[in-house]
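Each of the two chains sits in its own frame; use the hints to bring them together as a complex.
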Amino acid sequence: MNRKAVVRGPYVRPMQGWWRRDPFFVRYMAREATALAVLAYAIVLMVGVLRLAQGESAWNRWLDALQTPWSMALHLVLLVAFAVHAKSWFDIMPKTMPMMFAGGRRVAASTITRTGYAATIAASIALFALAWWWQS
Amino acid sequence: MSESIRTIEIQVLRYRPEQEDKPVWQSYTVPFTDDMSVLQGLQHIKDDIDGTLSFRWSCRMAICGSCGMMVNGKPKLSCQTFLRELLPGPVRIEALAHFPIERDLIVSVDEFVKKLEGIKPYIIPKEPRTLAEGEYLQTPEQLALFEQYSSCINCMLCYAACPQYGLDPGFTGPGVLALLHRYNADSRDGGRAERMQILNAEEGVWSCTAVGYCSEVCPKHVDPAHAVNQNKLNSAKDYFLRFLSPKGAQS
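As they're listed, the protein sequences go chains X and D. Position 25, counted from 1, in the first sequence is what our numbering calls 78; the numbers after and before it change by one each time, with no gaps. Position 94, counted from 1, in the second sequence is what our numbering calls 498; the numbers after and before it change by one each time, with no gaps.
In isolation and in its complexed conformation, chain D is listed as follows (with noise of 0.2 Å):
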């Protein structure tokens, strides 16, 4: 049975640094069904309209993190969004808020990403161990610990979402701050008292001021603000202990 064609009107906020000073809005009108998704419709655009528009993606089952952006002025991971949400329409797509444009909806990452390695996101052992001494053992409790922040994709929509980071880029943000915590609060890893300094820095924990958009944008369901704020106690703690433990000891 044959439908009449259906459109949408999107709009795109363009960037091409040789071509403009600044992004300027562009519209296009692109047929779609009830099983498209937001990236569907800019790939649509991107292989039938205007192949000079670019953006980032690669799974297309929110996996990735690659294909944030702000719909309608929200940070979403675009191909978990659906057109048929966004009727009447006009969609407004924007590169993710808070980061450089780099060019149309491509931002730049590498602040991001410098940050993401200094929090060292693995696990540095207590002591060094042998095979033969086996795995090591966790209750549900202590995987309960940190098991929500290691679903973090890197996708950077809690950026989008924290003005606290748009006012000052310095500051290290939810989702590095959350994988810091996913490493701290993992009885496995000894990598406490090195991640504490970037954790107990102004840019640290103490930047945040607890709007909380961050855990309302996650698709991962990671609650970066959790991460964030808990550690402002593991943070007074840290401060306030050194004074009471006796001269020389490890904290």
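In isolation and in its complexed conformation, chain X is listed as follows (with noise of 0.2 Å):
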């Protein structure tokens, strides 16, 4: 009998474009690619903060500079990035937590993360009711 003697050579797959590999990884990268827009928001703060050191004149234009239309553009496109980018990190939350008992039972991992967008949603309410009462 010809036997053949043992080759070996392990082959190793390339990583090239991994995440367009599967769904899930492109939701994975949505969420990472979306911090951008927190540090994007981020800077604009920063920015308004800067001038506001700069006197009464440097932060009304500021103020203006937010008005504009390429201004409202840009923050229509952070905050569905911000809702995107909080939404995956709640869903995400119950792993990053120890195990939770609420009387002998195990705190579901859904009522975690509804928990997350129940806290977020009434925050945001309580903030847009807080800064309709200061310009009324």
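Keep in mind that the hints were calculated from the coordinates and are not lab data. Among the hints, erroneous ones may be present.
Lysine-lysine pairs mimicking DSSO-like chemistry, simulated, CA-CA at most 27 Å apart [said to hold, decoys possible]:
1. D:Lys624 with D:Lys518
2. X:Lys140 with D:Lys636
3. D:Lys524 with D:Lys450
4. D:Lys530 with D:Lys636
5. D:Lys478 with X:Lys140
Just so you know, these numbers come straight off a predicted model, no measurement behind them.
Here it is in structure tokens:
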């Protein structure tokens, strides 16, 4: 019997473009990419603080700049990106916390995620109400 | 009552190191019935069409963890995945992602086994105990803290789902870290200090970026992403609390 010698040569597959391989990875990359929107808005606010330090006219010009159509469009894009980012973190939040028990039963992951959503919505409504009240 | 034989196309990523430098796709047409798993499809190929096809399997009932492979790009136990769910085909089968392919659907598991041994996957008693002292007692809550992680069957689907492991094979990875947590979270165990060194390392929990796909694909609902990510908190506590503990104190 003709037996071939044992040949070994483990083949390592390339990782190029790995994040396009599965929709789950695309969603993960969306979470990571939208962090840039958080950074961008932190810069917008930081500029506001600097302009405030530079005096009243500088501050007012910054406020005017925020009212331009370009700025409005940017805010809209950032708002959507923030929503995606926040949602994705609340989705993974149960994985980052130690197990919790209530009344001898484990608190379900979906309860933790929904509590996160609810807290965000409540905080957003409270902030809007506060801003509304401040304006009037 | 006779029924006309239905067939499905199964494409397999073949790799025979003595024959080809790179894996190549090969197509087979396989007759199937509604109760046939992907593994049975492969067994049909091996038995009746092409005896050179290599793959691992043992129990056929999702308990041994041998038959993990990529089925249409997703990490699956082939014994637990049915051909009827993949109609009309073709079904594309590839060795588990992120592992070096040894031959056809067989991957190298050496690194995984080494890591698994490294975490000492057994209970290291807190203090020696004689039989006369009787059994250890645990509350249902103490049991719940580790029970799900003890369901791991070492099938490595979570590694095939983890891009961080694919990018850096040095990463301890979801399955082994989940088993590490299984023992650390056990009230009978006293090996925590030893295992924390593996957990705290850069290749430990901190290489995880919380993709979370490992928990999606786990056939045993171990939820390795939970084991890994809750230990980022434990690792941070381990780091900072040493500044607070008195000199010479045991952590």
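Each hint tested on the structure:
no.: 1; hint: D:Lys624 with D:Lys518; in the structure: holds, 22 Å
no.: 2; hint: X:Lys140 with D:Lys636; in the structure: holds, 21 Å
no.: 3; hint: D:Lys524 with D:Lys450; in the structure: violated, 37 Å
no.: 4; hint: D:Lys530 with D:Lys636; in the structure: holds, 24 Å
no.: 5; hint: D:Lys478 with X:Lys140; in the structure: holds, 25 Å
Checked against the numbered hints given earlier, this structure breaks only hint 3.
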